[in-house]
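Please model the complete structure; the sequences and the hints are all you need to start from.
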Amino acid sequence: MSLFAQVNQELLKIPPVTRTIILSTLGVTLPSLLRLLSPYVLLFLPDRVMQGEVWRVPTSFLYGGSGITFLFDLLTLYRNSVALEEGIYSGRSYDYAYHLLLSSLAILIINLPLRSYLHSHTLLLSLVTLSSRLNPEQPINLMGFLSLPLKYLPYAMLGMDAVLSGPLEAGRGLTGVIVGLGWSLLLERRQAPGAPEWVKRFVGSGLRVGVTAGGSGVVNPGRAGGAGAGGPQRREREEVRATVTGHNWGQGRRLGAE
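Converting from the sequence shown to my numbering requires adding 57 to each position, the first position being numbered 1.
Simulated from the structure, these hints should not be mistaken for lab results.
The beta-carbon is built from N, C-alpha and C at its ideal position, and this holds for glycine as well.
Hints are supplied without guarantee of correctness; some may be wrong.
[Unchecked claim] Distance ranges between label pairs, derived from CB positions:
1) L128 - F259: 25 to 33 Å
2) V256 - L171: 23 to 31 Å
3) P115 - L221: 21 to 29 Å
4) Q248 - G223: 31 to 39 Å
5) E110 - T77: 42 to 50 Å
6) L90 - L171: 43 to 51 Å
7) F259 - F202: 37 to 45 Å
8) S59 - G109: 36 to 44 Å
9) E67 - L93: 20 to 28 Å
10) G124 - G148: 32 to 40 Å
11) V220 - V256: 35 to 43 Å
12) L80 - S59: 14 to 22 Å
Dropping the structure here:
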């Protein structure tokens, strides 16, 4: 098997919405890191958007900045997004994509008075907040030196934003926490809007029909080598959901650990 085929095979193991977000983030951020593109053209500037530079809207959610912060945020995004898409949104990737779209729109509108140029970290905080509501008592290890329940992680991240970037940046991040709380409340009360048909057709369910050891069945594309919708695959999804973490780079439990 060629290297390209191996890479493609590994990418297909990632749930579709998460795969799209991660690849898009890398596709937008890496050219800037390699000095092939000025980060200025990626920022959300309302006056420029009104002049036709509409790409600034999505790129403001995909540009991850630079340095170690970008790596930490990318890892946190991957872990939380996979856990959500294979957990509460299992088999409903279209709903996950639609709710991400609505959350991004809410973040964009709320941040207009705050003159926020980037929204990627704010969207990340909304995902972390949703994860913390699903598994509030899950212990996590923050950057290898602080252990705390997952329910406190969004606020710990806000504190880090305040220390490293100032209160204004923390205020922008707080809008992501607010959106995440609203998102979780809608899910808990079963009032979250379902994806329209065009989103369902475009995104798909995140599951596909395949042949399993027991015959034909629905197979998660990220776990195509496993069993069908139940059994070990279901237990694996539950383990992923139970170990949703954000900044877990120390000796704490890692997402997907045995």
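Verification of the supplied hints:
1. L128 - F259: 25 to 33 Å: Cβ of L128 to Cβ of F259: about 30 Å, so the range 25 to 33 Å holds.
2. V256 - L171: 23 to 31 Å: holds, 29 Å
3. P115 - L221: 21 to 29 Å: Holds, since P115 and L221 (Cβ atoms, about 26 Å apart) stay within the stated range.
4. Q248 - G223: 31 to 39 Å: holds, 36 Å
5. E110 - T77: 42 to 50 Å: For E110 and T77 the Cβ distance comes to about 22 Å; the hint is violated.
6. L90 - L171: 43 to 51 Å: Roughly 26 Å apart at Cβ, these two residues miss the hinted range, so it is violated.
7. F259 - F202: 37 to 45 Å: holds, 43 Å
8. S59 - G109: 36 to 44 Å: holds, 41 Å
9. E67 - L93: 20 to 28 Å: holds, 25 Å
10. G124 - G148: 32 to 40 Å: holds, 37 Å
11. V220 - V256: 35 to 43 Å: Since the Cβ atoms of V220 and V256 sit about 39 Å apart, the hinted range of 35 to 43 Å holds.
12. L80 - S59: 14 to 22 Å: Given range 14 to 22 Å: holds, Cβ gap about 19 Å.
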